[in-house]
Amino acid sequence: MSFLRNLFTKGAVERDLDQEVRAYVDLLTEEKVRAGMPPDEARRAARLEAGGVEQIKDEVRDERRGSLLDSALQDFRYGVRLLRRSPGFTTLAVLTIGLGIGANSAIFSVINGVVRKPLAYPRADRLMFITSQFPTLNFSKFWISPPEYFDFREHTKAFSSVAAYTTGAVNLSEGDRPERVNTAFVTANMFDVLGVRPQRGTVFTAEQDLPGTAPVAVLSHELWQRAFGGDPAIVGTTIQVNGAAREVLGVMPPGFDLHDSKSQLWLPLGLNPANRQNRGSHFIYLVGRLADEASIAQANAELQGMLRQGWREWVPQGHVPNDSTHRVQVAPLHDEVVGNVKRALWVLQGAVALVLLIACANVANLLLARAESRHKEFAVRTALGAARGRLLRQFMSEGIVLSVLGAVLGLGLAYWGLKALLAANPESIPRAAEITLDPMVLAFTVGVALVTGLVFGLAPLLHIGDQAVSLAIKEGGQRATSGAGRNRVRRGLVVAEIALAVMLVIGAGLLIRTFRNLTSVDAGFESANRVTFGLVLPPATYPDSQRVVQVITDLSRALADVPGVERVGAMQGLPPMRPVNANDTNFEGYAPGPGDPPANVDYYQVVTQGYFQTMGIEITRGRAFESGDAIGGPVVIINEALAKRFYKDRDPIGRRLNPFFGPNTPLFTIIGVARDVKQGGLDAPAGTELYFSHEQSARVTGFPPRQMNLVMEVSRPLAALAPAIRAAVSAIDPGLPIIQMRTMDEVVGGSLVRQRFLSQLLGIFAGVALLLAAIGTYGVLAYMVSERQREIGIRMALGAGSSQVVGLVFRQGLGIAGIGIVTGIAGALALSRLTQSLLYGVKPSDPATFVAVAVVIALVAAAACLIPMRRATRVDPLTAIRAD
Amino acid sequence: MGQSPTNLLQGTLDLLILKALALGELHGLGVSRRIEQLTRGTFLVKPGSLFPALHRLQDAGWLSSAWGPSENNRKAKYYRLTAAGRRQLESEIGQWKRVSLAITLALQAN
Chain A
-6 MSFLRNLFTK
4 GAVERDLDQE
14 VRAYVDLLTE
24 EKVRAGMPPD
34 EARRAARLEA
44 GGVEQIKDEV
54 RDERRGSLLD
64 SALQDFRYGV
74 RLLRRSPGFT
84 TLAVLTIGLG
94 IGANSAIFSV
104 INGVVRKPLA
114 YPRADRLMFI
124 TSQFPTLNFS
134 KFWISPPEYF
144 DFREHTKAFS
154 SVAAYTTGAV
164 NLSEGDRPER
174 VNTAFVTANM
184 FDVLGVRPQR
194 GTVFTAEQDL
204 PGTAPVAVLS
214 HELWQRAFGG
224 DPAIVGTTIQ
234 VNGAAREVLG
244 VMPPGFDLHD
254 SKSQLWLPLG
264 LNPANRQNRG
274 SHFIYLVGRL
284 ADEASIAQAN
294 AELQGMLRQG
304 WREWVPQGHV
314 PNDSTHRVQV
324 APLHDEVVGN
334 VKRALWVLQG
344 AVALVLLIAC
354 ANVANLLLAR
364 AESRHKEFAV
374 RTALGAARGR
384 LLRQFMSEGI
394 VLSVLGAVLG
404 LGLAYWGLKA
414 LLAANPESIP
424 RAAEITLDPM
434 VLAFTVGVAL
444 VTGLVFGLAP
454 LLHIGDQAVS
464 LAIKEGGQRA
474 TSGAGRNRVR
484 RGLVVAEIAL
494 AVMLVIGAGL
504 LIRTFRNLTS
514 VDAGFESANR
524 VTFGLVLPPA
534 TYPDSQRVVQ
544 VITDLSRALA
554 DVPGVERVGA
564 MQGLPPMRPV
574 NANDTNFEGY
584 APGPGDPPAN
594 VDYYQVVTQG
604 YFQTMGIEIT
614 RGRAFESGDA
624 IGGPVVIINE
634 ALAKRFYKDR
644 DPIGRRLNPF
654 FGPNTPLFTI
664 IGVARDVKQG
674 GLDAPAGTEL
684 YFSHEQSARV
694 TGFPPRQMNL
704 VMEVSRPLAA
714 LAPAIRAAVS
724 AIDPGLPIIQ
734 MRTMDEVVGG
744 SLVRQRFLSQ
754 LLGIFAGVAL
764 LLAAIGTYGV
774 LAYMVSERQR
784 EIGIRMALGA
794 GSSQVVGLVF
804 RQGLGIAGIG
814 IVTGIAGALA
824 LSRLTQSLLY
834 GVKPSDPATF
844 VAVAVVIALV
854 AAAACLIPMR
864 RATRVDPLTA
874 IRAD
Chain B
11 MGQSPTNLLQ
21 GTLDLLILKA
31 LALGELHGLG
41 VSRRIEQLTR
51 GTFLVKPGSL
61 FPALHRLQDA
71 GWLSSAWGPS
81 ENNRKAKYYR
91 LTAAGRRQLE
101 SEIGQWKRVS
111 LAITLALQAN
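So the sequences go chain by chain: A and B.
Each residue of the first sequence is one higher than the last, beginning at -6 in the working numbering.
Each residue of the second sequence is one higher than the last, beginning at 11 in the working numbering.
There may be inaccurate statements among the hints.
What the hints assert, rightly or not - Label pairs and their computed distance ranges (CB to CB):
hint : chain 1 : residue 1 : chain 2 : residue 2 : range
1    : B       : Ser59     : A       : Val444    : 42 to 48 Å
2    : B       : Arg97     : A       : Arg481    : 44 to 50 Å
3    : A       : Ala790    : B       : Thr22     : 20 to 26 Å
4    : A       : Arg804    : B       : Thr22     : 56 to 62 Å
Rather than coming from a laboratory, the hints here were simulated on the basis of the structure.
Just so you know, these numbers come straight off a predicted model, no measurement behind them.
Glycine residues also receive a C-beta, built at the ideal position from the N, C-alpha and C atoms.
Construct the complete structure from the given sequences, taking the supplied hints into account.
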């Protein structure tokens, strides 16, 4: 192809042309010499006759087919020049596209990192997450008990290996800096199941993972770097974990984690395969790797077989999984990790896709309006012989210039937006560390940019048909009122924009209402002016259980003396986001029949004497814990939900119950009923709950909780109190790390991060959509007014008042908005099923939201009419009629 | 050569070049001289229009070119018609006849 030749061998072609032209001059000179001219004169004459060598070459160059590229460049330059000449239009268009593409790339990056990317393990699709399920207790995803784990591991054929784990946190003391570290307690085969080898050293063996586990530990790469400065001789050294020495066996590679637990330390779980007692003690999760030839379906079929029959054969009596009340389920680990955030992310992606659509419609409309005002220019150029293809190319290059500029802006926005997004919401997105603007996203953005460029480019072609050309020329430059067909396209685009904006604003409205509903939920305790932090008293440094109680009591007293601290209490579990305990509990005289709730309590809570008052939890019946309880008989306080479930209308005070704290647990007497506290999330009903006295726990059960959260009612801000609080803790034990000191408002707010994140983002997108739709409406009306200036002028000359002119514009504007709103509401209703699971306390078809949104959009449309309306009334009939 | 040269109609130059080359291969100056001769000096083709036209026709596949020695053993680039060029010449001749007939008729009409 000469085109390619020209393109790639430009140098050679250029030289060839040069020689050819020079040869021509030589031949001409020779001709003149032969005709009798002296050589010097002949040469000068020949040069003169031929014209400049460079000019000739230039003209040949222009003729080249390779100039397709040159002319594309020319189109591009022309496009840039035109765009520079109308900076208002260009800025608006580039901003519009930039916003659309930026939002899309940011959200797509999140989806790519969180949902689409496989987990960071070899053959991660073969990894399954195994949990139990208790339909009658409403536990859809519950732990497995160790005996169940061993039963399953021994009998499964569908899985090549199955590992178990539980997560928690430990105190790590490195020098004088105590630190709280997320820890995974795993079976020795977990590393094999996940398929990840340590970066240094080794991991523990099955022998080291037996009960009374060997004092060994495996570090995460991040912990090794942060706490040990990446010490190359770390393997074999000793670290202090919960006050006891452990030998470091190895370091895992960077980024290694399990189920997004952000674990930094890996310790042996220490289950005893020989012990098949305590079948009801559910506290581990299982991760299994499917055998090479097995599918998920096969694993499920095998499991169903075990549940129906097998398990009962291995364990003839007692608590075993079955296929009705105590199921076991298998799900891909990836789905588990990504789980509940997936739908929210896709909703966001849908929302930004709508924003992009609106942006495209807007820019298409802008270009369409421009194309119409340049109607004559195109007609003249067509008549002068500009090929239609060339015009088309120019349109497209203009569109592509716009969308490329928009894409550059969009990528910038995406980059910073993503940073801001992740910085503002570190907790609400799983796998946040894996989110980056990667080549995939880049490709996506470029694709979107090119497609929008093409779409924009083609839009004006809708009316550069043959008739348009001849019409424009016939009109002789007179401004024609654009045809009905063309207006229909423009209006259709605006209607679509408004409809999409309505859908988005309704979605955002519903989520914002959800968020407000959640923030106004009565959590059952006072969070304002409350400050909390956690403490863990490890057995190695606090072997005596009485001492464990004493430390908390002493610390409570010391904290109460801090100026600005009004009251002090302590609790084992921090509401409102606690994992459910679901402990079997015997209520004296309660024998559940077939339809009755099983004797099981959702939450066990251990609290100090000052707790209820400090947290502002009302005791509705009976009394709270008193100082006499420390030496008195076992007492318990129940919540209202428990009273209602197990005591119905009988008075629970004085009745007794037997919690599960191991063998020889005494009967506890109910002394009071407390108001319900939300423990399992603000959007979930408060579960049943038992409160035990921390002061009597060591004496009565022998197991005082070693992890406690202190809470203080304060009259000064946290920042002012923090040093004194730290000093008080340090005075009791300088080696105790303070865990997450923060206000209770932050704790409550923290449980809503995901909802807040969603409603904020969607709110921003809806705002952008609203703005774009307003611009679109304004554009189409402004154009209509300028186009009908003549008509308006004539009407006014014939006696039409300005109110009639205003009515003309207004009717048109509201007509467009009306159709858009109705279409949008229909669309929102159609999509309501998708958003349902994200809402709380509001129906997806909530009439109030719909009406409010319709009113807002109508107002925005009316506002968009204002400037065109004013302009219409200012039309001077004389000028309008004389114009053109 | 004394006559003032007539401006070439758009598209006519291509036709003349093809015609000039129909009789055999020529270099650039040769094409120019052959056209002058064929039109009895009516058309003088300057290199500024000749070379772009030659390259355009070559890119269209109607001409091929090669370097060769001139009459006096100078180096020159020679052009010749390709088979496609020959067909193009025929079709352009037909078209020209129709146009010139039409214009002649139009000019004769009262």
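Can the suggested window of 56 to 62 Å be confirmed for the beta-carbon pair Arg804 of chain A and Thr22 of chain B?
-> 60 Å, holds
Does the hinted range 20 to 26 Å hold for Ala790 of chain A and Thr22 of chain B at CB?
-> Violated: the Cβ-Cβ distance is about 55 Å, outside 20 to 26 Å.
Do the beta carbons of Ser59 of chain B and Val444 of chain A sit within 42 to 48 Å of each other?
-> About 43 Å separates the Cβ atoms of Ser59 of chain B and Val444 of chain A, which means 42 to 48 Å holds.
Quick one: are Arg97 of chain B and Arg481 of chain A within 44 to 50 Å, going by C-beta?
-> 48 Å, holds
Hint violations for this structure: number 3 only, all remaining hints satisfied.
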